[in-house]
Every structure is written in C-alpha cells, then in structure tokens.
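Listed below are the residues making up each chain.
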Amino acid sequence: MNVSLKRIQAIFIKDYKEFSRNYAVSIMIAFPIVLALLYRTEAGDQTAIYAFVMNFSLAMLTSYVQACLIAEEKERNTLRSLMMTPASMLDVLIGKSALVFLISAAALAITTYLFGYDTSNVMLLTAALGISILLYTAIGTICGLYSKTLLEASLSVFPVLIIFTAGPFALAFEERYPFLEVLRYLPSSQLSELLVAMEVGAAAGELATPLVIISVWTVVLTIISFILYNKRLMDQ
Amino acid sequence: MNAISVQNIQKAFGGKMALKDVSFEIPKGEIFGFLGPSGSGKTTLLKILTAQLEVTDGHAAVMEMPARMMQKTAQKRRFGILTDNSGLYERLSIEENLDVFRRLYDLPKSSIDQVLHFVNLNADRKKRVSVLSKGMRQRVTLACAIIHEPELLFLDEPTSALDPVNTAHIHKGLRYLNERGTTIFLTTHDMTEAETLCERVAILHKGEIRAIGTPDELKKTHRDGTLTVELTSGEKERLSMNEDSAAAVAGWMSRGQIDRMYTNELSLGDIFIKLTGSELV
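Order-wise, the sequence lines are chains A and B.
At position 199 of the first sequence (counting the first as 1) the number is 199 in my numbering, and the numbers step up by one without a gap.
At position 187 of the second sequence (counting the first as 1) the number is 187 in my numbering, and the numbers step up by one without a gap.
Heads up, some of the hints might be wrong.
Cut-off 25 Å, straight-line C-alpha distance, at most; resulting in silico cross-link-like pairs (DSS-like, lysine-lysine) [unchecked claim]:
(1) 172(B) - 28(B)
(2) 148(A) - 134(B)
(3) 126(B) - 6(A)
In case anyone wonders, no lab produced these hints; they're calculated from the structure.
With the hints as constraints, model all of the structure from the sequences given.
Structural data, given as structure tokens:
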C-alpha cells in the first residue's frame, strides 16, 4: 500500500487553504451550528430532533464539502495534475477526507454541545458519529467524482440529503406502505435507532446492530469510492 | 539508451483510429518535437506515454519500462508534464502552488526559489493565481512540472500563451535543463520553436507520422531544388539546379554581377503543408 504521511499532509494543507478561502463552501460549517441553535429550545422528542440535526448536518456539511473539494479539482484539472505527481490514490483521498473529517467532527461536537444533547454513552455516540462522518465522506467522494463541475456536485448532494434525512421520518408511514421498511436500513435511520436505544438503555446487542449496519455502509461505499476514483482518472 | 521507444502503437476510440502504427525512438538527452494540428493525435500520444491512456495495440516504453508503469510512484518522480489542461489552485499564491508540489516530491524549500527564477516569476511569488495573466499561469504550470528536475519532461504547447520575451526566457531555461540531462518531448504548433529548440522533429497528421528527422534533414529531403540569384542591377533570378543554370551563374560571377545567392529551402511549415495538405492551425 503506497501511502506517505508527507504527501497526505501536503494535500491536507493545500485543501485547508483552499477551503478556508472558498466562502461558498466553508460557510457550510455554520449549518449544523445554526440548526442546533434553532432546535435546542424546541419541546418534544429531543433525541429524534438531535438525530435529524446530525443526519442533516452529515449530508449538508460532510458530503457537500467533500463533493465540492473533489469536483473543483476535476473541473480545474488539478486532480489530473495531482495524479501526475507521486501522490497515490490513497494519499489524495486520505488527505482530502482527513480535512473533511476534522471539520465535520469539530462542527458536530460544537453542535452537540450547543444543542444540549446529553447521553449516557459518550464513547458510543462518538463512535457512531465518527463512522457516519467516514460514510458521508465516501458519499461526497462519489458525488464529486460523478460531477463534472462544482455546480453539478452541489446539486448531486441534494438526493443524498433528501433520502438520508427524510428516510427516518418516512418510516412513520411504514404500516400503510410496507415497502418503506427498506428505509429502516438507511444509515441515517440506524443512527436515529441507535440514539433511541442509547436513551432507553438498551442491551449491548441492540446497540451493536445499528453500529454494524452503519459500518457495513461505510466499508461498501468507501470501496466504491476508491474504485470509482481509479476508474475516473484513467481515460478510456 | 532511449528515453522513449514507441513501436507500432495504435489507439482507437470507439471505431475511430486516433493513432495508426506510430513508431519512433527518442534517445536520452534529446529535445524532440512533435508537430501537428489539433486532433492529429499529439495529446493522445502524450497521454499514452504518461500512463493516462492504454494503447489498443503496439508497445510504448518510457525510460526502458512499459509506459503503463509510469503510474507507479517511483516512476512519477522521473518525469514532469505540462499540458494545456494542467490546472492550478486558483485561491493559492504562486508560491503556495509550488509548495504543494515541493511537498509532494519531498524537496527542500530552496527548490521553490530556483524554479521561480527559472520561470522569471520571483517578484510575483505572492500573487494569487486567480489574478494572473494567461502567460504567467503558463509559467507557473511549467514551474510545477519541473520543480523536481525530472529526467524526462513532456511539454504540450509550452509557450503558446507567452510573449516573445518570456518565450525566449523559457527556451533558454529548457536548453539549460536539457544540458543537465533532461530529455524533452515537446508538442508544438510553433515552427520557429521547433526549429530553434528541437534536435529532431516528427510531423504527425491524422494519427500517422508523415516525416521524422532533424529540421535540416527534413529541409534537405523536401527542398524545392531551386536557387535565387540577386543581381547588382536589382534583378532577381530563380533558377533550377541544372547545367544551364550553372553556366549562367558562372557568367554573372565572372562579371561581378551577383549581389546575393541562396537556395530556396522550404520552412518546416511549408514541409508540413506539402506532406499533409493542411495548414498548421
């Protein structure tokens, strides 16, 4: 496996500078924080609302930023230039994903604090959100690789946003429309279920199932993003 | 030892042949120019040699290894590439762009100063790429391609956006690189560039090599076979190379009537038109 920390660092620093100067993309950091401030005073099911805020933030921040970073490199042909340097596929993807991971982790931590969400199992929540960030980063990579321009990438994230954010809510109609049961296996639905299970103090087995399903999604989509990256950068 | 060896390569896109039975060799240390209009197959060839495309048939070797091996990290350090598609990071300064490449090639910071001097951009190093002229961007792109002093340099129209002063500066730098051992594979529309810079050139048209050799060899092979004599009286005579003409010239010489005399050689552009029937555009 050809990975170099120096090259990953080079890509990370470059992406950080580009991201911090691209206000159209970096403004997305504010989204989860604004959502937390808007919803923290809401009465009702705080866990469900927190799950919605997290799922929305993961799509709107993590996937969106990653898709934009990748698509902009494609649009300006800098990804091709990077490919001609010693940077390997893993160097590029890890360098980019590391930046998005750190930004997302920081934003979600601040959001959780501002929301005032209290959990009895911080470790499990951290693990679930960490794995989810990796998953949504892979989704962003796929969206970015499928897009030719930055605009296309911005639009390509919307189906992800709608399906993954609205999925858990659509389960309310499951009895009337049984086919909606499939939405139960969405990672966003699993994150919601995990949060509920944590709240009621469910057994370890019940807590592990959602985490495993989210992890499977993460592994599969990460592999797909790697394959797609290699395929997209080789002309036919 | 050859830097590039191409044997009977063919490349098809769908049913259309982009390269047809192309063969040539470039010894190490040579500056080799590929001349051809847009769509002639130059960029396809360049992509094959840098492992961005696979051949349909034939064999391409770069630095004694199959061209597809150029994807490997160790091999990528050995070549540099500048194409008309090479991108820059718009929100970063010239220096920051070069710093990305310096870090990726694991070079000392001094390499940035050296390459900025090479492309004559030292004074502008803090400028953001988004505010640069096309010519300056071209020079930054070139700097990114050569910062690691590659053994082999692929250049696709390297001076197409530059003014004559900067073109001369880049040519001087490329000769300097070449003197230090860098083999240069250059595609160009610019006949003057090909003549002044390249030791050998190939003319590519519709995916086929129509001629290959030094500029002088091509001119000799395709010379028009006439002689122009300018007489002191102001008259200009165009003569064929035969015995009658020789006698006429001898007569003028004996009477001291010849002001200037020269053979009518075709330029590389003329040779291209002669071989392909196309204008170089």
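Verification of the supplied hints:
1. 172(B) - 28(B): Within the cut-off at roughly 19 Å; holds.
2. 148(A) - 134(B): holds (23 Å)
3. 126(B) - 6(A): holds (24 Å)
Checked against the numbered hints above, the structure violates none of them.
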